[in-house]
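Chain U is already provided as a structure; the job is to place chain P on it using the hints.
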Amino acid sequence: MSLEQEFELIRRVPIFSTTDPAMQKLLAFSSDRLTYAEGQTMFSAGDPPDSAYIVMEGEVDITVPTPKGPLLVNTLTRNDVIGEIGIFGDVPRTATAVARTRVEVLRISRDVFVNVIRGNPDSAIALVKILADRLAKTTAQLRRMAAETSR
Amino acid sequence: MERSLFGFILRYSRREQLMILPLVIASMLIYFSMLDLPKAIINEAIQGKRFPVPEATVAFLKVQITLPHILGGASVQLFDGFALHQLPYLFALTFAFLTLIVVNGALKFQINTMKGWLGERMLRRLRYALFDRILRFPLARFRRVKSAELATMIKDEVEPLGGFVGESLIAPTFYTLEAFTAMFFILYQHLYLGLIALAVVASQAVIIPRLRRRLLVLSKERQLGARQLSGRIAEVADGVIEVHAHDTSNYERAEVSARLGRMFRIRFELYQRKFMIKFLNNLLSQVGPFLFYLVGGYLVIAGRLDIGTLVAVIAAYKDLPSPIKELIDWDQQRLDVQIKYTQVVEQFTVDDMTPAEMQAPVAAPELPAAGAVRVSNLALAGEAGSKLIDGVTFEVGLDQHVAVLGSHAAGVAELTQMLARLVMPSSGRVEVGGIDMTKAPEAVTGRAMAYVGPSAYLFPTSVRDNLVYGLKHYPLRERIYEGQELAEYEFQRSEAKRTDSTLLDYNADWTDYRAAGASSREELDLRIVEVLKTVELEETIFELGLRSSVDAANHPGLAESVLRAREAIRTRLAGPGMQGLVEQFDAERYNRNATLAENLLFGTPIGKKTFDIENLAGNEYVRRVLRETGLADDLLKTGHKLAETMVELFSGLPPGHEFFERFSFIKQDDLPEVKAVLGRVADAGLDKIEDADRDLLMALPFKMISARHRLGLIDEAFEARILQARRHFAEHLPAQMRGGIEFFDSASYNGAATLQDNILFGKVATGQAQASTRIAAMLHEVLDELKLRPQVASIGLGYQVGVGGARLSSSDRQKVAIARALLRRPAVLILDQAAAVLDGASQNRIVTSVLEARKGRCVFWALQRNDLAERFGHTLVMERGRLAEQGRFADLKSSGGALQKLLSTG
Chain U
2 MSLEQEFELI
12 RRVPIFSTTD
22 PAMQKLLAFS
32 SDRLTYAEGQ
42 TMFSAGDPPD
52 SAYIVMEGEV
62 DITVPTPKGP
72 LLVNTLTRND
82 VIGEIGIFGD
92 VPRTATAVAR
102 TRVEVLRISR
112 DVFVNVIRGN
122 PDSAIALVKI
132 LADRLAKTTA
142 QLRRMAAETS
152 R
Chain P
324 MERSLFGFIL
334 RYSRREQLMI
344 LPLVIASMLI
354 YFSMLDLPKA
364 IINEAIQGKR
374 FPVPEATVAF
384 LKVQITLPHI
394 LGGASVQLFD
404 GFALHQLPYL
414 FALTFAFLTL
424 IVVNGALKFQ
434 INTMKGWLGE
444 RMLRRLRYAL
454 FDRILRFPLA
464 RFRRVKSAEL
474 ATMIKDEVEP
484 LGGFVGESLI
494 APTFYTLEAF
504 TAMFFILYQH
514 LYLGLIALAV
524 VASQAVIIPR
534 LRRRLLVLSK
544 ERQLGARQLS
554 GRIAEVADGV
564 IEVHAHDTSN
574 YERAEVSARL
584 GRMFRIRFEL
594 YQRKFMIKFL
604 NNLLSQVGPF
614 LFYLVGGYLV
624 IAGRLDIGTL
634 VAVIAAYKDL
644 PSPIKELIDW
654 DQQRLDVQIK
664 YTQVVEQFTV
674 DDMTPAEMQA
684 PVAAPELPAA
694 GAVRVSNLAL
704 AGEAGSKLID
714 GVTFEVGLDQ
724 HVAVLGSHAA
734 GVAELTQMLA
744 RLVMPSSGRV
754 EVGGIDMTKA
764 PEAVTGRAMA
774 YVGPSAYLFP
784 TSVRDNLVYG
794 LKHYPLRERI
804 YEGQELAEYE
814 FQRSEAKRTD
824 STLLDYNADW
834 TDYRAAGASS
844 REELDLRIVE
854 VLKTVELEET
864 IFELGLRSSV
874 DAANHPGLAE
884 SVLRAREAIR
894 TRLAGPGMQG
904 LVEQFDAERY
914 NRNATLAENL
924 LFGTPIGKKT
934 FDIENLAGNE
944 YVRRVLRETG
954 LADDLLKTGH
964 KLAETMVELF
974 SGLPPGHEFF
984 ERFSFIKQDD
994 LPEVKAVLGR
1004 VADAGLDKIE
1014 DADRDLLMAL
1024 PFKMISARHR
1034 LGLIDEAFEA
1044 RILQARRHFA
1054 EHLPAQMRGG
1064 IEFFDSASYN
1074 GAATLQDNIL
1084 FGKVATGQAQ
1094 ASTRIAAMLH
1104 EVLDELKLRP
1114 QVASIGLGYQ
1124 VGVGGARLSS
1134 SDRQKVAIAR
1144 ALLRRPAVLI
1154 LDQAAAVLDG
1164 ASQNRIVTSV
1174 LEARKGRCVF
1184 WALQRNDLAE
1194 RFGHTLVMER
1204 GRLAEQGRFA
1214 DLKSSGGALQ
1224 KLLSTG
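Same order as they appear, the protein sequences are chains U and P. Counting from 2, one number per residue, gives the positions in the first sequence under the working numbering. Counting from 324, one number per residue, gives the positions in the second sequence under the working numbering.
One chain only, chain U, in its complex shape (with noise of 0.2 angstroms):
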């Protein structure tokens, strides 16, 4: 446990990887690592938006609440980003985060994030890059279905 650990790995995030090395530290300091132990929801669709998480280690499943029940929509991995969504849209969460092996996580709180992207263009292009990668998986997904449906 180790602050040059999280370090290198804030690095190796899409988002950060361009921000200057202090402000890395900085945010490496200033997030807290968090154990997840294996089917322990990290957080659920609804509940409001605090944090985003950096996965370092394990893997989580985000579904999407359904009449059908749970839809599994991702699996997320080392160096992904959850939660960042929430955090921008100042919505609800729309998913629910679940670990699905032990999860090791770094927590970055809302203001703190939301700090880092104001003051650095880069990211918040990094964000947006992430954030349209999204919404057209969605937008696939979302005439895939059509498709099933209207079948």
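Simulated from the structure, these hints should not be mistaken for laboratory data. Even glycine gets a Cβ: it sits at the ideal position worked out from N, Cα and C. Watch out, some of these pointers could steer you wrong.
Beta-carbon label-pair distances, calculated as ranges [stated by the list, open to error]: (1) 120(U) to 909(P): 40 to 48 angstroms; (2) 903(P) to 47(U): 27 to 35 angstroms; (3) 1113(P) to 120(U): 52 to 60 angstroms; (4) 47(U) to 1165(P): 16 to 24 angstroms; (5) 120(U) to 876(P): 52 to 60 angstroms; (6) 999(P) to 120(U): 25 to 33 angstroms; (7) 1187(P) to 120(U): 39 to 47 angstroms; (8) 41(U) to 1196(P): 48 to 56 angstroms; (9) 119(U) to 1054(P): 33 to 41 angstroms.
Positioned in the frame of chain U, the structure of chain P alone reads:
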């Protein structure tokens, strides 16, 4: 209450004043003989005038009555006296002189004590009477008078009265007598000279009081100014939020300064006039001798007066100013005190004061049990003559729940206050269970009914005392006094009786368990828990209990219970899925979730006097331990590294960045200083820096928590050395510091730590997801299982709520107030917007649970949210002071009447 000060003094202290008078006269007589005796000692004993031959004797203590010449001048010898030679006679006379000194001293002591008592008793009586009046003021009075001014009047303004009362009658009598004697003496010696003296004194008596008139006005203004000042200070303190929120602090400064300026001006003039009067007075009295020398001298030269008489007259006149001066001083004091008295009494005189009989103490009055609340033609006139409430008539059973609705200014608040008889109606009747509440004493109204307003007041005591407050009407179980205490009690009682104060014993047990439906303290506790649950306060109180640190000596069995809970937690923490949630304290291990300071102390500091955890590095003993264990160097190196890291991390941040507040060990303002220190270290090397720099660096690591800050600065070897220092610290702790810390010990209760800390006996681990919530749940479970919940809640009830309940949230304050009303099970519970500060969901739940708890018993609830009225059996709708309609909410809401109108507009 007597309007004039002397009326008050004569009425209540005449007897005591008269008792002092003979003592004063006796003292005067002795005083005169003491003046006379030295003459006898010198002339007769020392110079031997009465001892023409050495063998001669003189009768000492001869008692002889000589009849005046008119009656024949015969004399009767009652006692022949002792025949004494010269030397024994000298002894006898000097010892007689000594005896007189002692007797006079004793008399003076007695007189002063009696005067003091007299004054203090009158002061006590007055203060009590004034306070009694406050309790009998109508509520409207409190809107016009500031509480701080009331306090100042009772506390300060009547204070000089105590000193004055003792002198009030005796001093003038005495000095007048003295002055008259001297005056008479002069007149007797020579008529003209006597008339001159009389003229001088008369002019003094006429001119001085005239000059004083302005003084009266001034001292009245001074008193008023001082009282208003204290009112203003209290106002600013109460409204301090507004002052800061609107940046009016300088306006307030200017206001108070202007006020002080006016007071200064008044005092200035007061002094000037006072000394002017003194000057004139002195001048006038000095005119006397001038005239005597002039006129008397002329008369002597002219041969119409012998020189001996002139000397005697001048001597007598010299004695005259002193009683006159005393009289003038006394008069000055009288004026001063009289003004204060009149002003204070004026403030405390209200026309519609509650008669004393209405508040007479009653042990168990007859209270309404069944029947109805019958209100007929109820009306209340406002201050401007308008009718706030007019012609309200209704009847509801004592088992009904009534919602009172109405828009703003509909008279809802006034109606509820009149129902609770807090405000006396102008006309009409309120009858509860056949008893006319407008005429019933407070012993009935205050027990049959309970009222909770929109912002209820809590007294600055514990939660429990606030809850039980409503049960203290009368001392029900006397306290048994013994020995010393009994003597003190009897003394206090007799003094209370003398000053017409209440004879009820404050130290008796006033709690009326029966009113709360309990028969003992234990049962009352159960009832308290019940009402706390009704108002959803039980959990809060329980949490408060967990967060309190209590002395186990005051709670028998607590230490054992806590240790059992600690053991249970330990077992659970070892269970599956719970490992690592709490890092428990272990004397042999470094706790990575605690600060370095906590690890070093390994205990809880008691207070901040011996060890201040925030500034441990500054502690002399801690420094010694660090030096002796060689840890000082480690800390210095670590502090240096920490400082470097911090500077690196935080230097780039803009000023005022929130990170400084949240994460840094260094305040932003101190950053340049730290940078400078680092620069000096780079120049001189770490071992050659100055003491101040050294101290700064060494203090930094104390707040470091390894697990949370993850700086990797404390390795295992360092940890081992800290453990060694920990042992050294405990072993060599000087005896006088032992009281300053309570060490962590897995087998004993720690009185300085909170209950929660005691039970967990460790630190919640960072890095475990949702650790706090999971531990809180575990704590609840364990305490429930061990049946410790009531004990913890009972400790929580001891929580001090602060001034006006400020240490509780506003909604918790209201909940306590509702619980206080519920606890005493009144026949009628009246609530005026009592839950309005609560959030919507809580309001719903609490209205339901209160009504549930009051099933079959009357409730009047003035609601802010109209929809809640659905839960009540009956609804009253008020409109501009009149009862517009009544009935079931469901029937009224769509009947097209007042309620429908209210619902559509509100």
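Quick rundown of the hints versus the structure:
1. 120(U) to 909(P): 40 to 48 angstroms: Cβ of residue 120(U) to Cβ of residue 909(P): about 43 angstroms, so the range 40 to 48 angstroms holds.
2. 903(P) to 47(U): 27 to 35 angstroms: holds (29 angstroms)
3. 1113(P) to 120(U): 52 to 60 angstroms: holds (53 angstroms)
4. 47(U) to 1165(P): 16 to 24 angstroms: holds (21 angstroms)
5. 120(U) to 876(P): 52 to 60 angstroms: holds (56 angstroms)
6. 999(P) to 120(U): 25 to 33 angstroms: At roughly 27 angstroms between Cβ atoms, residue 120(U) and residue 999(P) fall inside 25 to 33 angstroms, so the hint holds.
7. 1187(P) to 120(U): 39 to 47 angstroms: holds (46 angstroms)
8. 41(U) to 1196(P): 48 to 56 angstroms: Given a distance of about 49 angstroms, which is inside 48 to 56 angstroms, the answer is holds.
9. 119(U) to 1054(P): 33 to 41 angstroms: violated (53 angstroms)
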